[in-house]
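Student: Spelled out from the first residue to the last, the chains are:
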Amino acid sequence: MPRRTSARDGGRSRPRRPQRHKDVPYRYGGHRERDFRCVGCRLDVPGQAPGTAHRNHCPHCLASLHVDDRVPGDRAASCRGRMEAFGLSVRPDGEWMLIHRCLACEELSANRIAGDDNVLALVRLALAPLRDPGVAGRVLLTL
Amino acid sequence: MSHDEHARQGGLSNTLKVDTFTCVWCGLTVSTFAAEGIRREHCPSCLHSRHVTDHVEGGPSDCGARMTPIAIAVLRTGDWRVVHRCVRCDELTSDPVCADDNQLILMRIAVRPLAQPPFPLEAFGTL
Numbered sequence: 008m009p010r011r012t013s014a015r016d017g018g019r020s021r022p023r024r025p026q027r028h029k030d031v032p033y034r035y036g037g038h039r040e041r042d043f044r045c046v047g048c049r050l051d052v053p054g055q056a057p058g059t060a061h062r063n064h065c066p067h068c069l070a071s072l073h074v075d076d077r078v079p080g081d082r083a084a085s086c087r088g089r090m091e092a093f094g095l096s097v098r099p100d101g102e103w104m105l106i107h108r109c110l111a112c113e114e115l116s117a118n119r120i121a122g123d124d125n126v127l128a129l130v131r132l133a134l135a136p137l138r139d140p141g142v143a144g145r146v147l148l149t150l
Numbered sequence: 008m009s010h011d012e013h014a015r016q017g018g019l020s021n022t023l024k025v026d027t028f029t030c031v032w033c034g035l036t037v038s039t040f041a042a043e044g045i046r047r048e049h050c051p052s053c054l055h056s057r058h059v060t061d062h063v064e065g066g067p068s069d070c071g072a073r074m075t076p077i078a079i080a081v082l083r084t085g086d087w088r089v090v091h092r093c094v095r096c097d098e099l100t101s102d103p104v105c106a107d108d109n110q111l112i113l114m115r116i117a118v119r120p121l122a123q124p125p126f127p128l129e130a131f132g133t134l
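Line by line, the protein sequences give chains B and A.
Heads up, the first sequence is in the numbering used here, so the first residue is 8 and it goes up one at a time.
Heads up, the second sequence is in the numbering used here, so the first residue is 8 and it goes up one at a time.
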């Protein structure tokens, strides 16, 4: 291979052609930048999820990681503890919100459920207040 | 000054120090001492609370806004906890449920996800 800038080449060398546009961003994590591996069940989770643009929990076991501080996505928390699904709340428009609780520092966070979340795990969580006969039975008897 | 500090300083008194707060939503005057001996954090009538504690960094919070009950969570022990969200800064807290809380509102929050499921629940009949 001849060298590109040889002294004998002189002014005959053409200007360097700019690199063609790449559809796949290879640098800075690239197209797999927001993928993660679940801390609970070690499932490889893709970053894109149907129905939401802010996936932060495993679709199989609903576990999350405590990486965000006050603002979702700021990655400012130094805890890095495991967050487990704690409860379900419903927004006024009918969307389910998953409430996580950090096992290390008991911090709470809320995230909308994704389209590929485990339906069985979600319904188990929704039925959790009614499962235990102690408190639920007392509440129903006093109504 | 709490009751424990009173006892430590030698001024032991039989009178229980009764501390009250006024609910920011329904205006009910509530005693902070619940029947179970735990400190009451929310109104027993409407379950609303007030953002006075900063749970991210600890210590008192300068927000002071109203917190609405959004969810019921269950601990491993089977006890219920009410999850509150601040209407001003969206911070979440959770408080234990007291025995004299409004049971109708508690059960309404608990079964609210089942009333509006995002997927048909009929499919669970085949599982």
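In short, the hints are calculated from the structure, not lab data.
Where a beta carbon is used, it is the ideal one built from N, C-alpha and C, also for glycine.
Among the hints, a few may not be true.
[Unchecked claim] Derived list of chain A stretches under chain B, where covered just means 3 residues or more per stretch with a C-beta under 8 Å from a C-beta of chain B:
1. 33-43
2. 97-103
[What the hints assert, rightly or not] Among chain A residues calculated to face chain B with C-beta under 10 Å, some are:
3. R46
4. V59
5. V63
6. L82
7. G85
8. R92
9. A106
10. Q110
11. L111
12. L113
13. M114
14. Q123
15. P124
16. L128
17. A130
Student: Hints first: check each against the structure and report whether it holds.
Tutor: Here's how the hints hold up against the structure:
Given as covered by chain B, the segment 33-43 of chain A fails the check, having 0 residues with a CB less than 8 Å from a CB of that chain where 3 are the minimum. For a cut-off of 8 Å, the count of residues in the segment 97-103 of chain A with a CB near a CB of chain B stands at 4, and the three-residue condition holds. At a threshold of 10 Å, the smallest CB-CB gap from R46 of chain A to chain B is about 17 Å, leaving the interface hint violated. Below 10 Å, beta-carbon pairs count as interface contacts, and V59 of chain A has none with chain B, the closest being about 16 Å; its hint is therefore violated.
For V63 of chain A, the interface hint holds, since its Cβ comes within 10 Å of a Cβ in chain B; the closest pair sits about 6 Å apart. Because the closest C-beta pair between L82 of chain A and chain B is about 9 Å apart, less than 10 Å, the hint holds. Taking 10 Å as the C-beta cut-off, the interface hint given for G85 of chain A holds, the closest approach to chain B being about 4 Å. Residue-level restraint check for R92 of chain A holds (minimum Cβ-Cβ distance to chain B is 8 Å; threshold 10 Å).
Using the Cβ-Cβ criterion of 10 Å, the hint placing A106 of chain A at the interface with chain B is satisfied: the shortest such distance is roughly 8 Å. Interface hint at Q110 of chain A: satisfied, since its Cβ lies 5 Å from the closest Cβ of chain B, which is below the 10 Å cut-off. Here the hint on L111 of chain A is kept, as its CB sits about 6 Å from the closest CB of chain B, short of 10 Å. Proximity of L113 of chain A to chain B holds as hinted, the smallest CB-CB distance being about 6 Å (cut-off 10 Å).
A cut of 10 Å between beta carbons decides the hint on M114 of chain A: the least distance to chain B is about 5 Å, and the hint holds. Hint status for Q123 of chain A relative to chain B: holds, with the closest Cβ pair at about 4 Å, below 10 Å. About 8 Å separates the beta-carbon of P124 of chain A from the nearest beta-carbon of chain B, less than 10 Å, and the hint is met. Using the Cβ-Cβ criterion of 10 Å, the hint placing L128 of chain A at the interface with chain B is satisfied: the shortest such distance is roughly 7 Å.
With its C-beta approaching chain B no nearer than about 8 Å, A130 of chain A sits inside the 10 Å limit, and its interface hint holds.
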